[in-house]
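Q: Residue-level listing of the chains:
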Amino acid sequence: MEAFIDAAQLAMTPAAILAIGLGALVGLVFGSIPGLTFTVALALALPITFSMDAVPAIGLLLGTYIGGMTGGSVSAILLGIPGTPSAAATVLDGYPMTKRGDASIALGTAVIVSVFGGIFSLIVMIVSVDIVSRLAIGFGPAEKFALVLFGMSTICGLCGGSLIKGLISGVLGLMIMTIGLDAIDGVSRLTFGSVNMLQGVNLLVALIGLFAVPFIIEAFSGQGDAGPKRVANVRAKMPSIGLLFRNSWLMIRCSVLGTGIGAIPGTGGAIASFLAYDHAKRFSKKPKTFGKGNIEGVIAPETANNAVTGGTLIPLLSLGIPGDPATAIVLAGMMIHGLTPGPALFMNHADEVYGIYIAVVIAYVWVLALQLVGIRLFVHVLKIPRELLAVIVLVLCAIGAYSIRNSVFDIYSMAVIGVLAYILVAVRIPTTPIILGMVLGPILENEFRTGMMLSRGSMDIFWTSPVALVFFGLAALIIMLQLRSELKAKRKSKQPLEVSDAS
Amino acid sequence: MTNQMQDTILSCIFLVLAGVWIWLVATTIPGGFGRGDIGPRAFPLSFGIALAVLSGGLLLRSFLMRADANSDSESDEELRQEIRWTPALLVLIQISLYGFLMQTIGYVIATPIIIVTIMLISLRERSIKKILAMALGITVGTWIIFEKLLGIYLANGTWINVG
Chain A
1 MEAFIDAAQL AMTPAAILAI GLGALVGLVF GSIPGLTFTV ALALALPITF SMDAVPAIGL
61 LLGTYIGGMT GGSVSAILLG IPGTPSAAAT VLDGYPMTKR GDASIALGTA VIVSVFGGIF
121 SLIVMIVSVD IVSRLAIGFG PAEKFALVLF GMSTICGLCG GSLIKGLISG VLGLMIMTIG
181 LDAIDGVSRL TFGSVNMLQG VNLLVALIGL FAVPFIIEAF SGQGDAGPKR VANVRAKMPS
241 IGLLFRNSWL MIRCSVLGTG IGAIPGTGGA IASFLAYDHA KRFSKKPKTF GKGNIEGVIA
301 PETANNAVTG GTLIPLLSLG IPGDPATAIV LAGMMIHGLT PGPALFMNHA DEVYGIYIAV
361 VIAYVWVLAL QLVGIRLFVH VLKIPRELLA VIVLVLCAIG AYSIRNSVFD IYSMAVIGVL
421 AYILVAVRIP TTPIILGMVL GPILENEFRT GMMLSRGSMD IFWTSPVALV FFGLAALIIM
481 LQLRSELKAK RKSKQPLEVS DAS
Chain B
504 MTNQMQDTIL SCIFLVLAGV WIWLVATTIP GGFGRGDIGP RAFPLSFGIA LAVLSGGLLL
564 RSFLMRADAN SDSESDEELR QEIRWTPALL VLIQISLYGF LMQTIGYVIA TPIIIVTIML
624 ISLRERSIKK ILAMALGITV GTWIIFEKLL GIYLANGTWI NVG
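Line by line, the protein sequences are chains A and B.
Residue 1 is where the first sequence starts when you use our numbering, and the numbers rise one by one after that.
Residue 504 is where the second sequence starts when you use our numbering, and the numbers rise one by one after that.
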């Protein structure tokens with residue numbers, strides 16, 4: 001208790017609260033602008049923290065991380081373009097809600113469930129930091145490969161009516177990510193001697209291209225829905241208590257899922273949100289309304305991706321293993337301030353660790369306040385005529401693509417990928433599985449090859465791990481369920497097929 | 504064009520893509536050392552084969568659906584979206600030109616030029632006030648927010664450098 005009071009004294013100073021608020025604001029802004037993720041924001045914020053005390057400094061970084069994770073949903077819901085990869089699943093139902101005129105409810109619900117997921121994961125983290133981190137650290141390449149394969153199986157739930165087209169889309173994503181320098185042997189793959197191609201296609205550049213460019217083309221050609229009519233009546237509207245109560249069990253399940261996934265290094269918000277979306281769709285009473293603006297399709301991914309924030313802190317604080325690039329920057333910030341993560345951290349710096357817990361809570365309070373006030377501002381985005389908004393989006397996308405590596409090559413890549421994505425959508429190939437393939441492809445390959453290296457070429461490593469077998473079984477189950485539902489749909493040939501897509 | 508016909512063409516394009524991909528991978532990427540070593544070629548090659556198999560499946564399905572007179576083509580027709588080639592190509596050219604100009608004359612000059620171009624060509628806007636407001640507003644606004652407030656580097660230009 002004494003340590004907690006000391007920690008509160010560290011984290012509740014005006015400077016610390018303001019630093020966390022600043023981080024949350026910057027994270028929200030960066031997270032909501034497509035292409036400018038919180039990873040970029042964290043990299044920019046790190047030098048600012050050098051002159052600060054440890055707790056406000058880490059608070060600022062965590063505020064940026066949490067703000068960014070939540071902010072990704074803003075552009076996902078309003079524009080249909082995910083601000084961050086972890087918000088890609090939110091587009092599927094968030095954007096149709098905006099088209100229907102329910103943008104405010106979608107945004108309001110997203111922020112409430114985000115805070116719920118985040119606080120839930122924080123509590124879980126505090127309670128089970130030791131147990132969960134021991135479990136997660138036990139994951140070797142075989143288990144991670146199986147987990148990623150399980151993540152890939154969610155493509156089935158995202159391909160709508162045609163499993164084969166969804167799978168083609170997923171394979172395209174996997175293929176794109178093999179271009180560039182091979183991570184294990186350092187061999188250049190399909191680079192055609194170009195230095196720019198050595199780094200491969202950047203995931204963020206591809207994300208901007210896949211989601212933003214088709215929006216720009218449609219806006220310029222007068223295709224799609226004209227927003228202003230509906231937008232004129234949009235008001236800031238909070239979700240009712242009844243709605244939240246009805247979905248409380250879903251929120252808890254997705255929070256558990258997000259926290260668990262977050263605790264496994266190398267996974268992250270994107271996998272968690274897609275798995276949560278798929279889970280919500282499978283267990284929903286109205287699975288056919290998913291992809292058409294079902295609020296559960298916003299609640300599930302947003303709860304899960306924010307629950308990841310608490311989950312990633314488990315291996316970060318207890319073992320010093322960052323789960324994703326963003327937490328790697330937080331780790332760097334901690335080490336700069338003399339807080340070396342590991343079992344010794346809890347013995348030597350208990351005050352600071354509790355201070356960090358309190359900082360996370362303060363960050364969520366800031367995010368809640370900023371988002372709730374900001375909803376009124378955010379909905380005004382929709383009052384801008386669609387084609388003019390597209391001009392602004394085009395400039396922001398170019399800035400976003402360029403700023404990732406200060407490379408014009410990324411702007412060209414974005415343009416090409418975007419136009420191809422537009423054509424794919426027009427020929428009814430869903431683009432979301434491409435993202436899943438791109439996110440999971442490199443992990444899938446690296447873990448498989450590392451596993452094979454460890455086992456000296458024996459596949460037994462994958463069959464002898466009970467955890468891996470469970471994930472393989474779950475993946476097979478999902479594929480079988482999808483095949484069954486597709487066969488059922490074929491039999492009812494008169495009924496229209498459902499197409500789910502992110503654009 | 505019916506959806507089945509579109510699927511046939513699409514699957515043929517993907518089959519060609521898979522073939523070219525497999526050929527490129529097989530000829531340019533070295534394999535593993537054998538005895539269970541998974542080299543850098545294995546995954547790109549297996550993805551190429553997977554694409555070929557899936558495209559073959561799609562081709563087969565499109566033939567089967569064509570043969571089936573009672574297929575659900577009517578419902579599918581509604582979901583199809585017409586490809587507007589001109590705006591798509593224009594956007595490709597505009598973004599590429601923007602990238603080129605950003606690198607050569609810098610963000611501050613390239614942005615208003617590209618916005619004016621888009622407003623005139625893609626949006627067919629003729630109001631000088633609106634065009635200027637958009638060009639200057641977006642350029643100045645984004646420059647202040649990104650370059651000055653957030654400290655993000657925006658291209659300076661290699662031919663002309665206005666900072």
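Hints listed in this document are in silico derivations from the structure and should not be mistaken for laboratory results.
Glycine residues also receive a C-beta, built at the ideal position from the N, C-alpha and C atoms.
Treat the hints loosely; a few may be bogus.
[Claimed, not checked] So, partial list: chain A residues that the calculated Cβ filter (under 8 Å) puts toward chain B:
{"hint": "1", "residue": "9"}
{"hint": "2", "residue": "13"}
{"hint": "3", "residue": "175"}
{"hint": "4", "residue": "178"}
{"hint": "5", "residue": "213"}
{"hint": "6", "residue": "221"}
{"hint": "7", "residue": "357"}
{"hint": "8", "residue": "384"}
{"hint": "9", "residue": "387"}
{"hint": "10", "residue": "402"}
{"hint": "11", "residue": "404"}
{"hint": "12", "residue": "408"}
{"hint": "13", "residue": "443"}
{"hint": "14", "residue": "445"}
{"hint": "15", "residue": "449"}
[Stated by the list, open to error] The following label-pair restraints were derived from C-beta to C-beta distances:
{"hint": "16", "chain 1": "B", "residue 1": "650", "chain 2": "A", "residue 2": "248", "range": "58 to 68 Å"}
{"hint": "17", "chain 1": "A", "residue 1": "283", "chain 2": "B", "residue 2": "505", "range": "30 to 40 Å"}
{"hint": "18", "chain 1": "B", "residue 1": "656", "chain 2": "A", "residue 2": "126", "range": "36 to 46 Å"}
{"hint": "19", "chain 1": "B", "residue 1": "656", "chain 2": "A", "residue 2": "487", "range": "34 to 44 Å"}
{"hint": "20", "chain 1": "B", "residue 1": "654", "chain 2": "A", "residue 2": "487", "range": "23 to 33 Å"}
{"hint": "21", "chain 1": "B", "residue 1": "592", "chain 2": "A", "residue 2": "385", "range": "15 to 25 Å"}
{"hint": "22", "chain 1": "A", "residue 1": "485", "chain 2": "B", "residue 2": "633", "range": "22 to 32 Å"}
{"hint": "23", "chain 1": "A", "residue 1": "484", "chain 2": "B", "residue 2": "651", "range": "50 to 60 Å"}
{"hint": "24", "chain 1": "A", "residue 1": "487", "chain 2": "B", "residue 2": "650", "range": "49 to 59 Å"}
{"hint": "25", "chain 1": "A", "residue 1": "350", "chain 2": "B", "residue 2": "596", "range": "18 to 28 Å"}
Q: When the structure is checked against the list of hints, which entries are broken? Sort them ascending.
A: 1, 2, 7, 8, 11, 13, 16, 19, 20, 22, 25
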